[in-house]
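A.B. asks: The residues making up each chain are set out below.
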Amino acid sequence: MLRRRPKLWKIVRLALLATVLAVAGFTFYLDFRVRSEFEGRRFALPARIYARPLELHAGLRIAQADVEDELRSLGYREAPPEGDAGWFSKSENSLIIALRPFVFWDGRQPAKRVSVTFEGGKVVALRDATGAELALARLEPLAIGGIYPAGNEDRVLVRLADVPKHFVQALIAVEDRSYFSHAGFDLRGLARAARSVFSDKVQGGSTITQQLVKNFFLTPERTLQRKFTELLMAVLLEIHYDKTEILETYLNEIYFGQDRDRAIHGVGLAAQFYFGKEVQYLTAAESALLVGMVRGPAIYDPYRHPQRALERRNLVLRETRDQKGITPDEYADARSSPLNVSKKTGTGTTPYPAFLQLVHRQLRRDYDEADLRSEGLRIFTTLDPRVQDAAETALAKRLAQYDKEKRFGQQPGLEGAVVVTDPQSGEVQALVGGRDPRYRGYNRALDAARPVGSLLKPAIYLTALSEPARYTLLTPIDDGPFVWKSRGAPDWEPANYDKKFHGIVPLRTALAQSYNAAAARLGTDLGIERVLDNVRRLGVDRPLRPFASTLLGAVELSPFEVAQMYQTIASGGFRSPLRAIRDVTTQEGRPLSRYQLAVEQVFAPEPIYLLAAAMQDVVREGTAQGLNRFLPPETAAAGKTGTTDEQRDAWFAGFTGDRLGVVWIGYDDNRAARLSGAAAALPIWGDLMSVLAPEPLVLARPERIELVSIDPQTGLRGGTSCPGATEVPFVQGSAPSERAPCSGAMDAAVEVVGKSVERAKSWLDRLFGR
Amino acid sequence: MRLVVLLAVLLAGCATPPRPPPEAEPKPEAPPVAAPTPKENIAIAGLMDSARTEAAAGNLAGAAASLERALRIEPRNPRLWHELARVRLKQGQHAQAESVAARSNSWVGEDKALRAENWRLISESRNARGDQEGAKAALEAASRVAP
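Protein sequences appear in the order of chains C and H.
At position 715 of the first sequence the residue is numbered 715 (my numbering), and the sequence of numbers has no breaks.
At position 110 of the second sequence the residue is numbered 110 (my numbering), and the sequence of numbers has no breaks.
Here chain H stands alone, though its shape is the one from the complex (with noise of 0.2 Å):
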């Protein structure tokens, strides 16, 4: 074993001669949520098109449930959260779509347009609320991540 790790270090060194690093500041990593998936899941696929069409056939209960049950499949995923605070929105939950919206942004790593989406989201219910402050605040904080 020792053989192997002396003899792979050797090949490793020829390999890459070590090069003083440009920066050796710790950079910002890639952030740790999971990579979507290569072929979107079908599944998932399904029922966001079952909760679209619910949605709009005035049906937000049913709408919210298919998204309950494609989050019980991908628990991760930023858009279905956002589509249910989108839902709890219409349904007049402005508490819910807030705290939702912010769900999904803790799922939203790079995905910069959508993290200002939720942030609009919650600007919009903020305003239904009442509360104006928190409502700027919000649309300022959308503009700050996707100007």
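Only chain C is shown next, with the shape it has when bound in the complex (with noise of 0.2 Å):
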């Protein structure tokens, strides 16, 4: 025994010394990650990405309610012209605007105030606050959504000195009465704490310090251990750094509740979320509830429990007032103010989920994911909202009637895809992955590669085209029965959609009516290779397989694809890489990179020219003559229909003045739609164009082209003495040289008198005021 007892005396004093190492180790461990987390710590911020912003101009075609609804997405108050940026005032035909300060790639652009004038669906005019005349004044684009880290955590950083006063003193109040001078935790906040148990008052056991230790560095277990861990950790923080440096990294950490799939964190994003407006121009009342949401965002959401909110709210109110946080008049101001909340929208991450996709993936080829979601990079697209409105509403709403028109209505519904781009510098404009645009998943617009049918049909023509010595769009080409041979398949017999062959018929007829047999054995002429080689120089990387039955869109694109395609067409025979973004920059501003606007000029003028008035045919007597119940004839709008066997797929792709875009719609697995192009894909085109009042389709016609007057009836150079006579563009030197029988000497006259008619007819029609 004896023995013994120095042995067990030696036990415990190794063990006191184990302990105190332990601890002391341990707390230089905390120390450690204290300072490297908090020092390294930087909130990691997402990606946002913006829509393009509306540049004003005087001249612009944009009605006056389309400003109006650009600038209250963008949160812009209708108010009376006074006070600070984010407002708008408006007269009839006129619009003062109080922009806000926005820093776009190329640089800060101050608050200031615009007038904008409008007449007959234009700006007329843009001024100053003095008066003077405004070149262009660029409205700061739409924020439409980010990238966003781990949790889908969303906030904006504000400094300490922005966040208002009011705020500040009413989260000491509830929070933590002696925040200012605790050393990190607070005994009689623990005893209060404890006897919070039994009353309804505010206060909690946690100060501000150990709430953010909690969320920073803890998991959200309760145990002992865990507390006695925060508090420690509070200790440290304090002694390392001051209070004003936790406050600030408090106000950014704090949660603020869901917006759907996002995490609203931080003062500034509360801000904006509810109230729309920067941190800096919360009011007492305001800062009264989003603090009193701290304590539990969901039991305090304004918006699914608004009468607990105002309680909550007034309750922090009072506690802010018997702080002196605000004076008793304040406080009865306050106090009577509505909730006040701005109109939820609730989007979530993005309300356009299938065109951040895009940006997400063309951004992925610059971009490290990490930094992505981390960084805080401004993200500037191309995305035009007003143009991905009226798309997805034009395809929701047809789809719908589709689907009722089918009596037999089959579940899942139809699906459908639209891209609209600019054709001069391929910018994507709107992106649309299926009915329901709000849906994050499967993306048809980019992911569903579905035969396209006659939508080939135009690289045919074009390759024909190409060579003005053998063909025109007067050329007779055969659309009589058409028999494909190759070795090792079976034949391949091409049918017309009207079961019907048309026989001889002219080149752009042929297109126009998109004839099959004449297109096969045209294709076949001229080459399969040759055709597809083509189909490849206008923009389609996939593979393509070399068969005959390709000719006729036996081959999968994407609408993206199509889009891409028939943008080299509408552009000229430049092609473009089709583009979401413009600029990206760092969260300062600072520029990091620009998608510049390339072209590449990859066919000659001439035949993509002669090719794109055929696609016009198209639509003025056509396969898309339907269009011309959409838009006036004046548009001039060229494309091309497309249906694929058994109607599977509805494609419709073409362009105007200013817009390309491509509709695709079918089912998801495949299933015959028993929808043409023409009497489904075409009214959604339509629908969509129709709203955004579409400018007329002038081609450039390049030097080598001339316009010949020819007789319908011989195909030979007529005159206006020649019934139903057209001017028909040809390479110079490949029109035909013989005169019709109908042309003579009259011609010239006759022309002369018919525009006197037409002289004379307006001026009656004025007279009787027609």
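It should be emphasised that the hints constitute simulated quantities derived from the structure, not laboratory data.
Treat the hints with care, since some could be wrong.
As the list claims (entries may be wrong) - Below 20 Å or equal to it, Euclidean Cα-Cα: the simulated SDA-like pairs (lysine to any residue) are:
id, chain 1, residue 1, chain 2, residue 2
1, H, Lys112, C, Glu706
2, C, Lys122, H, Arg72
3, H, Lys90, C, Arg594
4, H, Lys90, C, Tyr595
5, C, Lys214, C, Arg295
6, C, Lys122, H, Ile42
7, C, Lys90, C, Arg61
8, H, Lys90, C, Gln596
9, C, Lys122, H, Asn41
10, C, Lys112, H, Gly46
11, C, Lys122, C, Ile62
To be verified - Pairwise CB distance ranges, derived in the manner of DEER restraints:
id, chain 1, residue 1, chain 2, residue 2, range
12, H, Asp49, C, Arg545, 47 to 57 Å
13, C, Ala63, H, Asp49, 24 to 34 Å
14, H, Lys112, C, Arg72, 43 to 53 Å
15, C, Gln713, H, Ala61, 50 to 60 Å
16, H, Asp49, C, Arg674, 56 to 66 Å
Said to hold, decoys possible - Negatives, chain C to chain H, calculated, CB over 12 Å:
id, residue
17, Asp84
18, Asn93
19, Thr229
20, Gly276
Quantities reported herein were computed from a predicted structural model and do not represent experimental measurements.
Backbone N, C-alpha and C define an ideal beta-carbon position, used for all residues, glycine too.
Take the two lone chains and join them into the complex the hints point to.
C.D. replies: Right, here's the structure in full:
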């Protein structure tokens, strides 16, 4: 026994030493963690994605109501002309806009006041506050989403100096009264917390510092050991950092609830999300509402539980007054004001998930995923919300109608996709990935590769028209029965849509009516490889099987790929990669990358001109005639319908002077949809474009193209004395030299009379007021 | 309505007696490019000015951005495409310079001087790429347009 005592003592001493060492080590470890993590801690900020900014200038075709809509979606208030930026006031034919400051990719644009005058659907004048004429006014772009860190945490960082005093006062009053005096923990607070179990006082036990430590470093389990760690870390944090730093971090960290899948963090974003304003403009009442939410953002959600939120807010106001954070007058004022939260938009991480997917994919070529999710990059995109909304509406409306018309409404219903671009620059203005545009999943515009049917035919005719000595728009093409034999494959006998053959027809008619036999014969005559080579030059990257059936669209492309292909036709033979991004800057606005307008001339202008003119015929008198119900004839849109076997896919692709659109519809499981491109896809395109009042398509006529009057009976040179004579474009020297019998010396005379008739008619019309 | 047309034909007939045409050949018409607006768009003028200032200061990316901004307003303005081609040439993007100048030419219409300028620019960029043959051809095209 005696011999054992020293040993026991030794064990005790060792154990004590070990404990002290362990505690010291643990403290040391915690200290290290606190310092390194807090020091190096930068909030992971999502890449923020913006739509195109609306640029106002004299001559811009836009309705006043559309500008007002844009301002409202930017969170501008309709207000009398006074006060800070972020409002507009309207009168008949004009708007006064108090633009907020915004950092664009090319620098900061200060807050300024702009007056805009409208007339006849156009901006006619643009002036600044002094009445001087302005060349341009750029509205800030709409934020359309982000690429978020883990947990979809979203926040807008603020400086403590920007947060209104009454917000901080309220926070201190209800969350941690002795914040500015304690050392990280508060014994009275702990005692109060224990007592608060039995009372309805609002104070909790944790100091602001402890709350921050909890959110920052610890998991949410509630154990005594964790509480101890929290306390220790809070003290360490207070030793290393001053009160304002800790408070600022806290203000940026606090959780203010969910916007669907997006977590609202920090007072900066909370101010924007709940009140549509910058944090410095929060009123006392608004501040109190937010402070009240800190304890339980779901319980005191002002949208779901407005009464509870209001009571909580008033409680916070009372406490703040009691703590002398606000005067009794301010208190009375704030208490009587309504909740005032902005209308809930509830779009979650983005209202435009399909477009964002495209942006994300294009960004990933140049940026690390981790950087995109944490560096707060600012991404300026090409999305035009007005075009996007028109595309979404047109698609959803028509698909619902088609589903209803199919009496045995099958489930799931029809699906569809839309791509709209600017034909001159290749900028993507809208992208709809399905009938539910908010659905964040399968993006048919990018990922649904479907047979394109007749949409490939323009490549055949382009190949032909590239040889003006052999082919003009009037060259007779045989639409008789056609059989293609190739070794090792069954014979291929393409039939026409109307199950008839049409004999010899002019080339442009074969395209306008989308005759299959004619196109197959022409394509195989020209050489399948040559045609497919042109498909590739038009911008299709996918491998193409060198089969004759490929010519008639037995090739699967996504609507996006089709848009790329038609883009090249619409822009006169210049290929521009479709772009969704213009610029990327750092969080502070330093430019990182520009995605420049790039063009590559891949076709001579003449055959492209002829093809585009023939595609205008498709709309004027061919398979897409139905479009004339939607657009005035002077729009002169060009396009092509596409329908695949058993009508599984219905397509329409076309362009006007300022927009190119591709529409696909079908079933996801490839069932026969029994809808044709002309009957089903075209009306969606028509709805969409007519809302946007398109600019007429005026083709840039190359020097070597001449217009020749042609007699439709003979296909020879005609004149106005030939009934139905039309002007047809030819590459110089390729037009027929022979004159039609009907054309004579009287031609020009009649032409003169005709013009006078026009003039007299309009004079009479005016007289009779029609 | 028919009466109106009839009346109109009569009136027209009185107004302009038919004359035999001097030439029945179809005349090459005025190019279909939209006529330049009577007053040059001040937004375009402003952006072109800033592009020039930026280019002069060596900020070529900024100049290109300003021109692209202007092109979004007037995509068929051949002068803007031409200026952009100039910037691309200065940026050392010779292939782009050539394509963009060709794009300018597609909208140039009757502006022979600009067409020639574009050809000269194409010649310059071909030269820079070591394509002497092509450069010569472009220069010839330029002198054919505006000798």
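A.B. asks: Taking the hints in turn, state whether each one holds.
C.D. replies: Evaluation of the provided hints:
1. Restraint check: the Cα-Cα separation between Lys112 (chain H) and Glu706 (chain C) comes to about 18 Å, which is no more than 20 Å; the hinted pair holds.
2. A hinted pair counts as satisfied when its Cα atoms are at most 20 Å apart, and Lys122 (chain C) with Arg72 (chain H) qualifies at roughly 16 Å.
3. Straight-line distance between C-alpha atoms of Lys90 (chain H) and Arg594 (chain C) comes to about 17 Å, which keeps the hinted pair within the 20 Å bound.
4. Taking the CA atoms of Lys90 (chain H) and Tyr595 (chain C), the gap is near 18 Å; set against the 20 Å cutoff, the hint holds.
5. Proximity of Lys214 (chain C) to Arg295 (chain C) is assessed by CA-CA distance (about 14 Å); at most 20 Å being required, the pair is judged to hold.
6. Distance check on the hinted pair: Lys122 (chain C) and Ile42 (chain H) sit about 15 Å apart at the alpha-carbon level, within 20 Å; holds.
7. Of the pairs offered as hints, the one joining Lys90 (chain C) and Arg61 (chain C) holds, with about 18 Å between alpha carbons and a cut-off of 20 Å not exceeded.
8. Straight-line distance between C-alpha atoms of Lys90 (chain H) and Gln596 (chain C) comes to about 15 Å, which keeps the hinted pair within the 20 Å bound.
9. Distance hint between Lys122 (chain C) and Asn41 (chain H) is fulfilled; the C-alpha atoms sit about 14 Å from each other, no more than 20 Å.
10. Distance restraint check for Lys112 (chain C) and Gly46 (chain H): the Cα-Cα separation of roughly 18 Å lies within the 20 Å cut-off, and the hinted pair is therefore satisfied.
11. Proposed proximity of Lys122 (chain C) and Ile62 (chain C) is supported: the alpha carbons are some 5 Å apart, at most 20 Å.
12. Take Asp49 (chain H) and Arg545 (chain C): their Cβ atoms lie about 53 Å apart, and the range 47 to 57 Å holds.
13. One distance hint, 24 to 34 Å for the beta-carbon pair Ala63 (chain C) and Asp49 (chain H), holds here, with the actual separation near 30 Å.
14. Taking the beta carbon of each, Lys112 (chain H) and Arg72 (chain C) are about 49 Å apart, inside 43 to 53 Å as hinted.
15. For the pair Gln713 (chain C) and Ala61 (chain H), the beta carbons lie near 58 Å from each other, so the given range of 50 to 60 Å is met.
16. Between Asp49 (chain H) and Arg674 (chain C), the C-beta spacing of about 58 Å keeps the proposed range 56 to 66 Å intact.
17. The Cβ of Asp84 (chain C) sits about 27 Å from the closest Cβ of chain H, beyond the 12 Å cut-off, so the non-interface label holds.
18. Residue-level check passed: Asn93 (chain C) sits 20 Å from the nearest beta carbon of chain H, beyond 12 Å.
19. At roughly 51 Å, the least C-beta separation between Thr229 (chain C) and chain H is larger than 12 Å, which holds for a residue marked as non-interface.
20. Non-interface status of Gly276 (chain C) relative to chain H is upheld: no Cβ of that chain comes within 12 Å, the nearest being about 28 Å off.
Checked against the numbered hints given earlier, the structure satisfies every one of them.
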